[in-house]
Amino acid sequence: MKLLTEQSKFNKILTLVVVLILLALPLFISNPTVLQILILIIFYAYLTSCWNFVGGFAGVLPLGHSAFVGIGAYVSTSLYLTWGLSPWIGMLAGGVIAALMGILIGLPTLKLRGAYFALATIAFGEAMRVLVENIEHIGPFPVRGPKGLLIDLAGNSFAHFQFTSKVPYYYIILIMLLIVLLITFIMMNSKVGYYLAAGGEEPDAAAALGIKVSKYKLIAMAISCFLTALGGTFYAQMFLYFYPKSILGLDLSYEIAFIALIGGRGTILGPVIGALLLRPVGDLTRIYLSDTLPGLHLIIFGLILVIVMRYQPKGLVLPLSRLLARINNRFTKKSGEEQQEEVCNGAFDSK
Amino acid sequence: MLIGYIESLLNGILMGSIYGLTAVGLTLIFGVMKVVNFAHGSILMVGMFAAYFFVALTGLNPYLALVVVVPLLFVFGYAMQKFIIKPIFVAEKDVREPITVIIVTTGIWYILDNLALMLFGAEFRVAKTSVTGKMLEVFDMYFLWPKIIGAVITLLLGLYLFWFLRHSRMGKAVRATSLDREAATLMGIKQNRIYNIVFGLGCACCGVAACVLVPFYYVYPTVGVPFDIKAFIIVVLGGLGSVPGAILGGILIGIIETLGAQFMAATWTEMLIYVFFLLVLFIKPAGLFGLKQDY
Amino acid sequence: MALLTVSKVIKQFGGLTAVNSVDLSVDKGQIVGVIGPNGAGKTTLFNCIAGAFPPTSGSIMFNGHEMAGKKPHEICKLGITRTFQVVKPFASKTVLYNTMVGAFANTNKLSEARTKAIEVLKILDLYDKRDVVSKSLTLPERKRLELARALATEPHLLLLDEVMAGLRPSEVTEMLPVIKKINEVGVSIIIVEHIMQAIMNLSDKVYVINFGKKIAEGDPHDVINNEEVIKAYLGEAYVANQH
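Residue numbers (this note's numbering), protein chains in the order written: chain A, 1 to 351; chain B, 352 to 646; chain C, 647 to 889.
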């Protein structure tokens, strides 16, 4: 695995340029709808990158992750509505609770294999949704069942985590995404990352090398759930209203998982690429075609799932990074062998 | 009041056996091929629409639809396995946890459900058949005739499959393949053909369930969804690949549902089922009748 | 004081007694061979020591610790590392990555793990292939990788489970000095094997297991001339080879 310092100059420059463009984008876009679409793309890239810790690095298929998005939203919002606690602090509280919940549910389930684990996460996610839909309040904290929670407008206030313009939201989620990607990168190049990769690929061999696989999977789970919950709070503060079906439930869980899978789980940029490709497709079909052809965006989504999994089961990041490596080599002169190696290993892979 | 509980219990058994019917196909597919088919509910939906239109267009007895729907779904399943699932299986041969199939079948589910939505619209349809709405009254307890017929058909199908797997040549081949693929191949059993047939068989069972449901259940594009999850829960409960396990598991779920509704709001019974399922997974993942080693 | 002392270990599976009160010891720096006909119980014994499952009864003392019943990762942390008969490389990762996973057993730092891994790869002559994805390796190379990975954990005792399995005779001959080198670095070894050439060449001491019981113990040459052993085990091919 190439360390940051070892990445080729081209990659480093490319990354810098992309980040700068992303940071400067709001200066050029004044249309709030477009900005919102961008925010949502980054939001989903964020959620899928968080999912990636478990679904990519721990090597299992969690299909109930929306539960943690919901925990984040409900915890921070309930605290805000009951005690006026700043959503920033509530965000952290939500993260901690989500992490604890994740560890609790991870303890018995991470031992299960393949489909059993997936089914367990579905059951957990759905149980969460049904629970929330049927409760009015937990102690003094409002939950309001299927009606959801509504946050009163507080104008432009950082302490209240509300802004009149969409631009601050854009920067917040962008920074959150960049932080998660950084954490992912650091983790991949650390003992935790190596151990997770080993445990995911050959658990028996990993154990024989001194790795307590379950411990590391739980660490990944805790990190993932904590970060995912932060996203839930962001959503709540951005839209000021949410209800069980919007923030919990299978649709969101599946969407998160599948975006990551199509992009390429277990890689840094896979989930981001997935979100970048799929969200716009989904949004555009939904906006323009859902009246005449309801459900078309889901048909397209389904087709993409089937086709990508059939031909590129490791995700689209692989062919894309090969393409990038080829462009890279046009800019720098490399020996034929080095070119071959980079093309095979890919520039942004987890290897 | 006791009558109320008994009525609930019996209704739970009836509906539960029909749940079991939907799960039987899945347990064969999951058990023999270790394939998680998330499109199972959608295939049921396809069968239900087929049966609905059969009745609507011909006005014939819905149980005659079996003749049309079952072969239709068998072919559908056979084709799906041959052209979509198998190539992915092959591509995933060296991957540790072949979850790609889960994703692909989910894609198929999205496609089927929304295609149905586009073609038929979202409205809930009810088939008008000769048995729709008819009740049997016993000691102040009321049971829908279609449910009773459904339960009986489930039993018959269950017995047939049990016999088939135990005593027929094809059935033995299927069991051999599920126990040890390589050894079965060495015995001259064509693995791919078995897989195609099993998948077809699994879908055909959905077809039976579809015909049984249409006389009393609403038909709409996403009707497969609640059945899908329940079917998986039942399959795990009953043990992978076990036909009696699927039926008994279904009955168990049916009872939890109806008896639970006596004590709590119907929405809470959903949660009860999920919690029960999680407990089974943690305590005895092989299920009630499953073999020790599975996935 | 022996490094490893296995005392009266019994392993039963239901009604079947696979290992019937076996005693075994390994001194520091020794290579101990364990042989026996198929189904004799040597792999079961191996797995008890490696922690794949606990013995039904008996004790496995290593460096003053009771190992019986401990889990594989705990056993590795205490100084015993095992390899697998059917090698299990982390197929999608490079040779270096694989070895570093082993090296992390004794450090938390990436740079230290990498240094250790490179050192080990040089010993096992895999340094040139360090950036090759392990699924592209040949079988002997994979076996060496398995050894490298294990060696990177800095074990006191290495358990080799039929490490020669699947190798051609020429490849077996090439593997022998590799194992000797590991031993020279200070690692004691238990080697369970079918291939007599390896056992005879490497072992300081040999145990013979049949029907779960130890039927002979001692110097390799003495053991193979033991009548019990010849009776139980088709060593005739090797003995015939001597003439």
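In short, the hints are calculated from the structure, not lab data.
Don't take each hint at face value.
Covered stretches of chain A (chain B as the covering partner; in silico rule of three or more C-beta atoms under 8 Å from a C-beta of chain B) [stated by the list, open to error]:
#1 109 to 117
#2 120 to 128
#3 131 to 145
#4 293 to 307
From a predicted model like this one, the values you see are computed outputs, not experimental measurements.
For glycine and all other residues, C-beta sits at the position ideal for the given N, C-alpha and C.
Going through the hints against the structure:
Beta-carbon proximity to chain B at under 8 Å applies to 6 residues in the region 109 to 117 of chain A; the threshold of 3 is reached and the given coverage holds. Note: the region 120 to 128 of chain A has 6 residues with beta-carbon separation from chain B under 8 Å; the three-residue rule is met and the coverage holds. Given a C-beta distance limit of less than 8 Å, the hint that chain B covers the region 131 to 145 of chain A holds, as 3 residues qualify and 3 suffice. A stretch counts as covered by a chain when three or more of its residues have a beta carbon under 8 Å from one of that chain; for the region 293 to 307 of chain A and chain B the count is 12, and the coverage holds.
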